[in-house]
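Given these sequences and hints, build the entire structure.
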Amino acid sequence: MELPRLQPLYEKYRDQGFEVITVETKGQKDRATKFIEENGLTYTMLQNGEGDAEVAKTIFNVLYHPSSFLIDRTGKVMYYHLGFEAGDEVKLEEEIKTLL
Amino acid sequence: MNRRISILVLVLLLGLAGACAKAEKADPAEAAWSEYTAAWSEAETAEEKTRLAEEYLANFPDTEHSGRLARRVIYYRGHEMGDPQGAFDVVYPVLGQIEDPEQRFMASMSLFDLADSVEIPLDIAEVANALEAVRPLGYDEYQWVFETATELELWPLVAEHAGAATEIATPEDFRAEDPDREYSEKQIAQMVGLRKATSLTYEGWAAYNMGNTELAYDRFAAADEVNCVNYLGVPKTPLNTFWGRAALAEGDIDQAMELLGAETLFSEDGSAAKPYLREAYVAKNGDDQGFDEFLWATRNELARTVDDFTLLDFDGNELSMAETSAGKVTLLAFWFPT
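Just so you know, the protein sequences line up as chains E and F, in that order.
The numbers in my numbering rise by one with no breaks, and the one at position 12 of the first sequence is 12.
The numbers in my numbering rise by one with no breaks, and the one at position 80 of the second sequence is 80.
Since the hints were derived computationally from the structure, they do not count as laboratory data.
The model shown is predicted, which means the values in this text are computed figures rather than measured ones.
Careful, some of the hints might be misleading.
So the derived label-pair ranges between C-beta atoms look like this [said to hold, decoys possible]: (1) F:Arg304 to E:Ala53: 30 to 38 angstroms; (2) F:Ala58 to E:Asn61: 25 to 33 angstroms; (3) F:Gly316 to E:Gly40: 19 to 27 angstroms; (4) E:Glu89 to F:Arg278: 24 to 32 angstroms; (5) F:Glu177 to E:Pro4: 34 to 42 angstroms.
For glycine and all other residues, C-beta sits at the position ideal for the given N, C-alpha and C.
Below you can see the structure in the form of structure tokens.
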């Protein structure tokens, strides 16, 4: 996942009400923390729960990574993406703009 | 003294006999493999590498190494030396004899790519036969055959292999593939569900293209029943695309729009379905005016509300999805560091 690609989008649209929430799914707390620091990521980063508190598979049926969902202001899931490759942020930005 | 020498001689003789027996028992294929690897490390040109790989393959087409060597022939003779037909002639006859199923599968795919890149008409039915000559195919091999055959529109071949794949889309077969694999019952059920839904979907599409609409719809419905869907309720297989195209061709425009609409808007990649959705829209409305507005309205209508959940951030603070995202446009992404 090219997570750092989300940072410029977050900074650009944060003031208009854009939020990024990520969930780390493999319980690699140390590596994740290091990655977040090294890349200067400032949006919301969460750790997936274990057992009953697990959300990626149990709730969101995520089998492959990275998977992402773009949700509008009323909580409706408007777009679904599997994978995040170079260039995808252009399409993502267009979609964000349709919802802001 | 004499006795000691006798014992020494005896020990030496026994040792020698043992060595001889060992030499006789040594696997000639392994010996050839050792020779091959030694020579390979010295080889510099594509010609030399090709010759070494082909020599080994000619003598030992059925060892654990032969699949890798087949791929080397494909690479060095087929691509580097620019002799794809020659590579094909060497590899094709030994394909079915490659011992390791995964290597055999990979060699088949490489051969198929090679044939495809230089437009050698490669009969995938024959490749499938060559693969099956030694032992039955596994699910992944069947899937490769029925997906490739779908691209080539070889419907009887799709029907046959998708049908065979459905039969082995069971937890028992999944476990038997690799007994060491550690999956929970729930994970196995998910994987098997995906397999079953996939092969049933292709069975249906093949049947439809062979003119058997009733069987096609039966298979589509069976695939639908497996309910292998993403969070937004859209099948993880091409079911909606195939079923929607069939409905469109049958003149059932509303069903076509429903299936193709969900696929276009909420599947992992809706680009395959979108042209057919547009076609269905035109069939209903006369032209494609207002198509984009229709897409937007449908997206709003079908979009589900996101579930709430509470998790810890990396500083140990509890955060809820609902509170963090309230009134905002939110990207929710699942990831792990690589």
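Going down the list of hints, with the structure as the test:
1. A beta carbon spacing of about 22 angstroms between F:Arg304 and E:Ala53 contradicts the range 30 to 38 angstroms that was offered as a hint.
2. Range check, F:Ala58 to E:Asn61: Cβ separation about 50 angstroms, and the 25 to 33 angstroms hint is violated.
3. One distance hint, 19 to 27 angstroms for the beta-carbon pair F:Gly316 and E:Gly40, holds here, with the actual separation near 21 angstroms.
4. Hint check: E:Glu89 to F:Arg278, Cβ distance near 26 angstroms, so the stated range 24 to 32 angstroms holds.
5. F:Glu177 and E:Pro4 have their C-beta atoms about 38 angstroms apart, which keeps the hinted 34 to 42 angstroms range intact.
Figure legend: structure checked against the earlier numbered hints; hints not met, in rising order: 1, 2.
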